[in-house]
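Peer 1: Next come the chains, spelled out residue by residue.
Number of protein chains: 2
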Amino acid sequence: MVSFRDATASDLPDILALMTDDVLGAGREGLDFAHYMSAFERLQSEPDNHLIVGVHDGRIIATYQLTFISGLSLQAARRAQIETVRVASDLRGQKIGEAMIADAEARARAAGCALMQLTMNKSRTDTARFYQRLGFTPSHIGYKRDLI
Amino acid sequence: MVSFRDATASDLPDILALMTDDVLGAGREGLDFAHYMSAFERLQSEPDNHLIVGVHDGRIIATYQLTFISGLSLQAARRAQIETVRVASDLRGQKIGEAMIADAEARARAAGCALMQLTMNKSRTDTARFYQRLGFTPSHIGYKRDLI
Chain A
24 MVSFRDATAS DLPDILALMT DDVLGAGREG LDFAHYMSAF ERLQSEPDNH
74 LIVGVHDGRI IATYQLTFIS GLSLQAARRA QIETVRVASD LRGQKIGEAM
124 IADAEARARA AGCALMQLTM NKSRTDTARF YQRLGFTPSH IGYKRDLI
Chain B
24 MVSFRDATAS DLPDILALMT DDVLGAGREG LDFAHYMSAF ERLQSEPDNH
74 LIVGVHDGRI IATYQLTFIS GLSLQAARRA QIETVRVASD LRGQKIGEAM
124 IADAEARARA AGCALMQLTM NKSRTDTARF YQRLGFTPSH IGYKRDLI
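Chains A and B, in that order, are what the protein sequence lines are. Numbering follows the numbering used here, with no gaps: position 72 of the first sequence is 95. Numbering follows the numbering used here, with no gaps: position 148 of the second sequence is 171.
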């Protein structure tokens, strides 16, 4: 029902709409479009960084970012990191999130990753149940520090 | 006293020694060297992924990994992600960790990052105090899911 593909520049308005259609995103996004387009182009230029959209009937209904990171720890595990997961608010509760994580898992395995990881704001208590149901373990604390 | 630079292949034995000189790392590392060398070479081939060593008197006494990730969220903030932070056990408590995070911050700012982030295993309670003292906020839950 929903298919996933790499985002293109023409998807950006729909992606930004999904990002602000969110309890946290609503309050913190909203710069001018050119600023986001510049970041999108930079993201696209990074070979291990992917912005994905979920499409249904020609409508972009979901998005997430997937970054592959090689490293030495955990027995040299390559990691697939998931970020900015969003589903259109009128379509939540229809297993689109599950399909999105399954898509991420397939891409992660294809990229040789041994681990998926993500951080989630502590205030998203409903989302916590979602990730734990999908087999994610809340083993870590996620720290952030602004540089601006 | 400690200077930081990009790791080279000849540093890898010392880096692996630092990784196993750790309460969690001791139990989970230990594959054959060729496996880690292969991961090191892959990491080095990723343009936004950097393995750093701290050197004092010709000895490698610390290491961390720094990955730059562009994205759209948080007003299109480019992020600097810190991973696998280690200081030689005989030199802990001498502010080498502080110097390492300061080095990461300088590299992050030079790369145009607006945010530093990391995840830390919940069992590292002493390390939690370290990051909070350095201005990191434990705002997120870090989820992991093995793929193997």
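Read the hints as simulated data drawn from the structure, not as lab findings. Fair warning: there could be bad hints in the mix.
[As the list claims (entries may be wrong)] Straight-line alpha carbon distances no greater than 20 Å define the calculated PhoX-like cross-link-like pairs of lysine-lysine that follow:
| hint | chain 1 | residue 1 | chain 2 | residue 2 |
| --- | --- | --- | --- | --- |
| 1 | B | Lys167 | B | Lys145 |
| 2 | B | Lys145 | A | Lys167 |
| 3 | B | Lys145 | A | Lys118 |
| 4 | A | Lys145 | A | Lys167 |
| 5 | B | Lys167 | A | Lys145 |
| 6 | A | Lys145 | B | Lys118 |
[Unchecked claim] Taking beta-carbon pairs under 8 Å as the criterion, some of the chain B residues facing chain A (in silico):
| hint | residue |
| --- | --- |
| 7 | Val25 |
| 8 | Phe27 |
| 9 | Phe56 |
| 10 | Ile83 |
| 11 | Ile92 |
| 12 | Glu106 |
| 13 | Phe153 |
| 14 | Arg168 |
In this text, a Cβ means the ideal position worked out from N, Cα and C, and glycines have one as well.
Peer 1: For every hint, state whether the structure bears it out.
Peer 2: We went through each hint and held it up to the structure:
Among the hinted pairs, B:Lys167 with B:Lys145 is consistent with the structure: their alpha-carbon atoms are about 12 Å apart, no more than 20 Å. For the hint linking B:Lys145 to A:Lys167, the alpha-carbon distance of about 15 Å falls within 20 Å, and the restraint holds. At roughly 30 Å between alpha-carbon atoms, B:Lys145 and A:Lys118 are farther apart than 20 Å, so this suggested pair is violated. A C-alpha spacing of about 12 Å is found between A:Lys145 and A:Lys167, which places the hinted pair at or below 20 Å, so the restraint holds.
A distance of roughly 15 Å separates the Cα atoms of B:Lys167 and A:Lys145; the hinted pair therefore holds under the 20 Å criterion. Taken as a hint, the A:Lys145 and B:Lys118 pair is broken in the structure, with Cα atoms around 30 Å apart against an allowance of 20 Å. At a threshold of 8 Å, the smallest CB-CB gap from B:Val25 to chain A is about 20 Å, leaving the interface hint violated. Residue-level restraint check for B:Phe27 is violated (minimum Cβ-Cβ distance to chain A is 17 Å; threshold 8 Å).
Interface hint at B:Phe56: violated, since its Cβ lies 11 Å from the closest Cβ of chain A, which is beyond the 8 Å cut-off. Nearest Cβ of chain A to the Cβ of B:Ile83: about 13 Å, over the 8 Å cut. The hint is violated. Because the closest C-beta pair between B:Ile92 and chain A is about 5 Å apart, less than 8 Å, the hint holds. Look at B:Glu106: its Cβ gets to within about 6 Å of chain A, closer than 8 Å, so that hint holds up.
The beta carbon of B:Phe153 is not positioned within 8 Å of any beta carbon in chain A (closest approach about 10 Å), and the interface hint is therefore violated. Look at B:Arg168: its Cβ gets to within about 5 Å of chain A, closer than 8 Å, so that hint holds up.
The earlier numbered hints that this structure contradicts are 3, 6, 7, 8, 9, 10, 13.
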